[in-house]
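Protein chains in written order, with the numbering used here: chain A, 1 to 127; chain B, 128 to 623.
If you are wondering where the hints come from, they were derived from the structure by calculation, not from laboratory data. Among the hints, erroneous ones may be present.
Stated by the list, open to error - Okay, the calculated beta carbon distance ranges per label pair:
(1) A:SER47 to B:TRP618: 19 to 29 Å
(2) A:GLN59 to B:GLY304: 25 to 35 Å
(3) B:GLY304 to A:GLY58: 25 to 35 Å
(4) A:GLY67 to B:ARG298: 18 to 28 Å
(5) A:GLY67 to B:TRP232: 29 to 39 Å
(6) B:VAL132 to A:SER47: 36 to 46 Å
(7) A:GLY58 to B:ASN352: 43 to 53 Å
(8) B:TRP232 to A:SER60: 45 to 55 Å
(9) A:ILE36 to B:ALA224: 35 to 45 Å
Keep in mind the model is a prediction, meaning the values are calculated, not measured. Note that the Cβ used here is the ideal one computed from N, Cα and C, for glycine as well.
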Amino acid sequence: MSRRGLSALESVVAFALLALVIVMLCTLYPMTGISIESSRQRLEAQSLADSTLEQLRGQSFAALGLGQRELPAVTRHGLEYRRQVEVFSLSGRDSEYLRGLEVRVIWSWRGRPQQLSRELWISTVGR
Amino acid sequence: MLVAVLVTLSFALAGVGVSNLSFTTRLESLEQGRALSESVVALASDHLRTDVTFGTPANRGGVLEMRPRIGPGRALLTFDPLLAARHSIPCSTNNLAGDVAVPGWGRSVPPASSHLIGCATVGGVTRNVEILMQMPAFPYAVAAGGSLRSNGDLLVGSVPAGTDPTTLDLRFEEELGPGNLLSNAPGSSSLVLGPNSRVTGDLRAGGEVLVDPRGSRVGGQVKQNLAPVSLPRLDVRSYDPVAQGRSQVRHLAMDELSDPALIGFVRRQGDLRIRDGLALDNGVLFVDGDLRIDGGAHGVGAIFVTGDTVLHGGSSLASDNQVALVSGGDVRIVGGPNSHFQGMLYSDRDFRATRVMVLGSLVARGSVVLNGVTLIQAPQATALDLVPGQMSELALPGGTRIPVRFDNPTFTVQNPLTLESQSGLTHEQAISRVMLLVEQVAGAAAVPTRDEVDAALRALAQAPPLAPIDPVQLDLSRFLPFEQRMKVTLWRQQQP
């Protein structure tokens, strides 16, 4: 016997599948957007951390006093990135000649604090 | 059909998100790896600062490790080939004390260099940072703590290590290497060069630099108003052989010598004047007073003067001349046509030179004034590692002692009063010379017989060689802080 059109059950299954896919798509789309935005922000933070490290490295060794300090915040794409710098001595080494630098970039997104840190030890030798 | 399209779109979106995240993470790991590798290299260079033997076969130093306080990853560096193989990392090489190039990881490591390779692993990404540091010889042809002034006709350049000075042809100035001038004096006339001043290297000054453009040329950079550079500070009195407890120090009673040839340690308490030139045969002259030399100084040796030094005339260039003159007071060199000084010149105070060619380096903690001077920096002249010569004393009947050295097969005989030496004497000539000297020193009654002198000389020739004595070492570079001496000649990062 020939069939004409879909049965009610087939239609229901088809619509369910379609609905499922549409729901997945609707969920994935913003998630992908969030992921891409998160990556962009981390890249931004990395760039800030690296440029801050380079700036610090460019200073004379004597100017890099031990301790923590906060550098002026930077705003990129509407987000504010705070920069904290710590210059520290290393265990067993003379801080006149070898020091550690740590740059922390902190920002907030979707109500949650985000942070990226970069650490570098620098020596007076060969600078 | 619609479902298929939508599913594909979903996967594409998910793929974009994942790959973006993966790219960001990898980039972060790479940058973090670079920072960690650089850090462990900095740690290794600091170890080298405190101990230049760190990483040599006698002192491998294990594995240096750097872990960040926050976050993943670590960086390693080692000079030990076995440990490098165990950790699958490149092996660093310390050849700072080497005279020849040695094989390193992927490259040859030149002498006086250190090859450091930090290897970091972060999040599955490996990053190497490789640097080659060199410790060059003292970098300045002339370095002055005060002002530096040339009144004209100045030529400053350099020649590579090992250059035979007798082959030096200054007609081809363009073949000279860079020779640098330094003045630490602040102010408006820190470094002043008069007409016809040719400097192949840099001019660095704590104040302003003035160059008379008439016939003048500066091959390097002119750096003005810079922070002072640490200059070597030599304590002349620390080289006093008596204070050092040296044996075999000849004390000079006379305040005037003519054409002496000094061997070993000679000390003069008070002023000294030397006529007809000073010859140093691995000799070390210490003068606790002022020194004046007419006729220049040549040979191999060192002169330490607590007071002022005046050097009139100069010697001709010779491949084996190397003299270090260290003066606690002013130094004045007055040359003439074909006057040369080969070696290092150091003054705790002011320095003044006229019409002389210096093949070596000049350091004055005070001001420097040059008139018609040629300064050619030679790396070998910035360091002196001198094993002072030794003379045996010929024990003769009657107690008279005559300094004699057996140079196989000839003899060198020295006058104990005037320190005048005659070398290259045959056995017979040495006997005659000794007898003559005994007569001069102790009178005719004390002269031994020919047979007695002959026997004493034979005994001396057959005696075992004298025990070696500690060398006298002078290295201008050694007095500069390690971090000022090291130069990074290569910096490379790579991802294996």
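Structure-based check of each hint:
Taken as a hint, the range 19 to 29 Å holds for the pair SER47 of chain A and TRP618 of chain B, whose Cβ atoms sit roughly 21 Å apart. A C-beta distance of roughly 33 Å is found between GLN59 of chain A and GLY304 of chain B, which places it inside the suggested range of 25 to 35 Å. Roughly 30 Å separates the CB atoms of GLY304 of chain B and GLY58 of chain A, a value that falls within the hinted 25 to 35 Å. Take GLY67 of chain A and ARG298 of chain B: their Cβ atoms lie about 60 Å apart, and the range 18 to 28 Å is violated.
Roughly 38 Å separates the CB atoms of GLY67 of chain A and TRP232 of chain B, a value that falls within the hinted 29 to 39 Å. The hint said 36 to 46 Å for the Cβ distance between VAL132 of chain B and SER47 of chain A, and at roughly 38 Å that hint holds. Separated by about 19 Å at the C-beta atoms, GLY58 of chain A and ASN352 of chain B break the suggested range of 43 to 53 Å. Judged by the Cβ atoms, the range 45 to 55 Å given for TRP232 of chain B and SER60 of chain A is violated: they are separated by roughly 32 Å.
As the Cβ distance of ILE36 of chain A to ALA224 of chain B is approximately 55 Å, the hint placing it in 35 to 45 Å is violated.
Checked against the numbered hints given earlier, the structure breaks hints 4, 7, 8 and 9 and satisfies all the rest.
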